[in-house]
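Engineer: Note that the protein sequences, when read in sequence, are chains W and P. Residue 151 in the working numbering sits at position 146 of the first sequence; the count goes up by one each step and never skips. Residue 109 in the working numbering sits at position 87 of the second sequence; the count goes up by one each step and never skips.
FYI, nobody ran anything at the bench for these hints, they're computed from the structure. Possibly wrong hints are sitting among the right ones.
As the list claims (entries may be wrong) - Pairwise CB distance ranges (calculated): (1) W:His13 <-> P:Thr64: 32 to 38 Å; (2) W:Ser54 <-> P:Pro144: 49 to 55 Å; (3) P:Leu212 <-> W:Ala18: 24 to 30 Å; (4) W:His25 <-> P:Pro57: 26 to 32 Å; (5) W:Asp20 <-> P:Asp179: 19 to 25 Å; (6) P:Pro130 <-> W:His13: 30 to 36 Å; (7) W:Gly16 <-> P:Thr168: 18 to 24 Å; (8) W:Leu10 <-> P:Thr64: 30 to 36 Å; (9) P:Gly32 <-> W:Ala89: 34 to 40 Å; (10) W:His25 <-> P:Ser24: 52 to 58 Å.
Claimed, not checked - According to the in silico footprint, chain P covers these stretches of chain W (three or more CB under 8 Å from chain P): (11) 9-18; (12) 26-37; (13) 63-71; (14) 74-83.
All C-beta atoms, glycine included, are put in the ideal place defined by N, C-alpha and C.
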Amino acid sequence: MAEDLIDHLLGLAPDSPLSHLRRQRPEARRHAEGAYRELLLPPDPGALSLAERAALAHRVATREGDAALAAHYATLLAASGGPAEGARHDALMRYADLVAGEPEATSRADIEGLAALGLTSREIVATTQLIAFVPYQVRVLAALRAMMQESAR
Amino acid sequence: MSRFTLKPVGWRPRLDPVQAETATPAQLAALDACPPAQRRSTYFLTLAHDPGSLGERGALFNIVMYAEGGLDRADRELATAIVSMVNGCVYCTSVHAKRFVELSGDEPAMQRILDEGWDGEPNPRRHAIAAFTETLTRTPGTTTATDLAPLRNAGLDDLDILDLIHSVAMFANANRLMLTLGDPVLPRELRG
Numbered sequence: 006m007a008e009d010l011i012d013h014l015l016g017l018a019p020d021s022p023l024s025h026l027r028r029q030r031p032e033a034r035r036h037a038e039g040a041y042r043e044l045l046l047p048p049d050p051g052a053l054s055l056a057e058r059a060a061l062a063h064r065v066a067t068r069e070g071d072a073a074l075a076a077h078y079a080t081l082l083a084a085s086g087g088p089a090e091g092a093r094h095d096a097l098m099r100y101a102d103l104v105a106g107e108p109e110a111t112s113r114a115d116i117e118g119l120a121a122l123g124l125t126s127r128e129i130v131a132t133t134q135l136i137a138f139v140p141y142q143v144r145v146l147a148a149l150r151a152m153m154q155e156s157a158r
Numbered sequence: 023m024s025r026f027t028l029k030p031v032g033w034r035p036r037l038d039p040v041q042a043e044t045a046t047p048a049q050l051a052a053l054d055a056c057p058p059a060q061r062r063s064t065y066f067l068t069l070a071h072d073p074g075s076l077g078e079r080g081a082l083f084n085i086v087m088y089a090e091g092g093l094d095r096a097d098r099e100l101a102t103a104i105v106s107m108v109n110g111c112v113y114c115t116s117v118h119a120k121r122f123v124e125l126s127g128d129e130p131a132m133q134r135i136l137d138e139g140w141d142g143e144p145n146p147r148r149h150a151i152a153a154f155t156e157t158l159t160r161t162p163g164t165t166t167a168t169d170l171a172p173l174r175n176a177g178l179d180d181l182d183i184l185d186l187i188h189s190v191a192m193f194a195n196a197n198r199l200m201l202t203l204g205d206p207v208l209p210r211e212l213r214g
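Just chain P, same shape as in the assembly (with noise of 0.2 Å):
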């Protein structure tokens, strides 16, 4: 059984947060420029020690995933599902598996990303964008413009594409922070 769930997994960080209580003005600042759903968060709160990176880092992964237009943002959390996959980083694979369910209603299509991986999906485009994202998470160096000739097939703009970039490229750092600073939780049927 493949070791990616949509059941929640939790994050015991391996260094003690920032307390939101005692957090200095520019920390504060800081978690402010992050997602509002998780800016109270563990994560953010441990990453809350080094204000000035979190403030800039926050602002971008924001901007990343939730930007208006461009590229749908389903396809965005494929896109991080599947590179928290290829990094092994089950946290992020949970937490971005879940929204993309909740954005394309396509439960079925998820779970079987995650059991058998991405090589049989049967829709056009998110294979093509699944193809894509993995090349450029494991091997950056050899992407060239014929990997983009199967995003241009399924009718990915320009815009599309780059906000693709910046979703796998935000994800092949969120995936080192999470499993660098903490450990995951996972449910008790998982757990080995």
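In isolation and in its complexed conformation, chain W is listed as follows (with noise of 0.2 Å):
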């Protein structure tokens, strides 16, 4: 089994009792590693660019307060060109924080105005998923963090 993502930012070798645990959970490794590709570095990333994606990723992981995953999405945002700027990358950004920070206090209005930027339905579910997704990132690497502090003792 490859190396995913979270071994990656964990720096566990493939012989740690924390790999051979997360084996245990094939599926889940399998599949989490699936959603970052697909909302991260999909084949076809349609009308939101991967730089966008990068950058909403980087926006989450930044004020989630997960240094090395914000750096690892730093990365990949300064491969795909950097953050574009204007207006939309602005809302995006807005909408990030709401969503990440705030998301019981969205409405139907926060919705529209993505619509009224000219984002399709397609898009608004890739955008909102993969806001969704990096808080899921953080809580598995914030945990095994500590468990891989439970068996250093």
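Both chains are given apart, each in its own frame, so use the hints to dock them into the complex.
Structural biologist: This is the structure:
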């Protein structure tokens, strides 16, 4: 089983106890990696560019306080040409802050705002899926780091 | 009175969902990766606008919540109900609180948690799961080995803890999707 993003960010050796544990749930490992690749590096990104995707993920990882994950997305962002500027970029970042930080405060108007910028339903769903997936990664990483502390004792 | 309930709560999307009759083969394939009971739900039909992310994420959700062995399924539902309360997702809370009751048979325990929170939870295993779940949900960056100790004391092994982590993380995701892409439809007696 090849190294996935979580192994990579945690620096897990293939023969470490935590790596063995993660392999007891091979499908969770595979589909979390699949969701990451589908959201950040899709073969057909449509009108939500790879740079926009990396910028959204970077924004959420940063505001959720995961330095390693944020650094990874900063690298992806740089590799995809860096952040665009303008009204669309600003609106996407505001949407990321809201969905990641205060999802209960969202309203239909936020979705309509994205549509007014020209995002299709597919792009609105992809944007929301991407913003909502980074908090999954942040919590898995945080809790696995706690397990690594346990075994280091 | 708490706004969280075991009564059925509906969900109304903020985007027109995909219609099953006119869905593309890619959308249908992605829906087939989702839990069988829910793959024609309004929620999954809304997510089907982006089939790539739905397929992988649906398969992930399925394995996190239903994988055999490891953490007891009632405990996974307890954790996901609590994440949903912390995040303010009344819809998700109602669904997963109900599943906890079905799996555990302990409706009074869940009703008390919905009404009063979990601080006073008398069952030490449930208390440990609830406390860890709240910390990882609210402040993931502060989670340390110290937060795992009560789970170990309650008898959870490595795989149980991994399943708990995945369940909590999955609902950081699920609550954000539900709260953003739609609105809860509350039972009549809870409408303000």
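Engineer: Against this structure, judge whether each hint is valid.
Structural biologist: Here is how each hint holds up against the structure:
1. W:His13 <-> P:Thr64: 32 to 38 Å: Given a distance of about 37 Å, which is inside 32 to 38 Å, the answer is holds.
2. W:Ser54 <-> P:Pro144: 49 to 55 Å: Hint holds: Cβ distance 53 Å, inside 49 to 55 Å.
3. P:Leu212 <-> W:Ala18: 24 to 30 Å: Hint violated: Cβ distance 51 Å, outside 24 to 30 Å.
4. W:His25 <-> P:Pro57: 26 to 32 Å: At roughly 28 Å between Cβ atoms, P:Pro57 and W:His25 fall inside 26 to 32 Å, so the hint holds.
5. W:Asp20 <-> P:Asp179: 19 to 25 Å: holds, 20 Å
6. P:Pro130 <-> W:His13: 30 to 36 Å: Violated - the Cβ-Cβ distance for P:Pro130 and W:His13, about 46 Å, lies outside 30 to 36 Å.
7. W:Gly16 <-> P:Thr168: 18 to 24 Å: holds, 22 Å
8. W:Leu10 <-> P:Thr64: 30 to 36 Å: holds, 31 Å
9. P:Gly32 <-> W:Ala89: 34 to 40 Å: Since P:Gly32 and W:Ala89 have Cβ atoms about 38 Å apart, the given range 34 to 40 Å holds.
10. W:His25 <-> P:Ser24: 52 to 58 Å: violated, 42 Å
11. 9-18: Our answer is that it is violated, as 0 residues pass the Cβ test (under 8 Å) against chain P, missing three.
12. 26-37: holds (count 8)
13. 63-71: holds (count 3)
14. 74-83: With 0 residues close enough to chain P, the hint is violated.
Violation of the numbered hints given earlier is confined to hints 3, 6, 10, 11 and 14; the remaining hints are satisfied by the structure.
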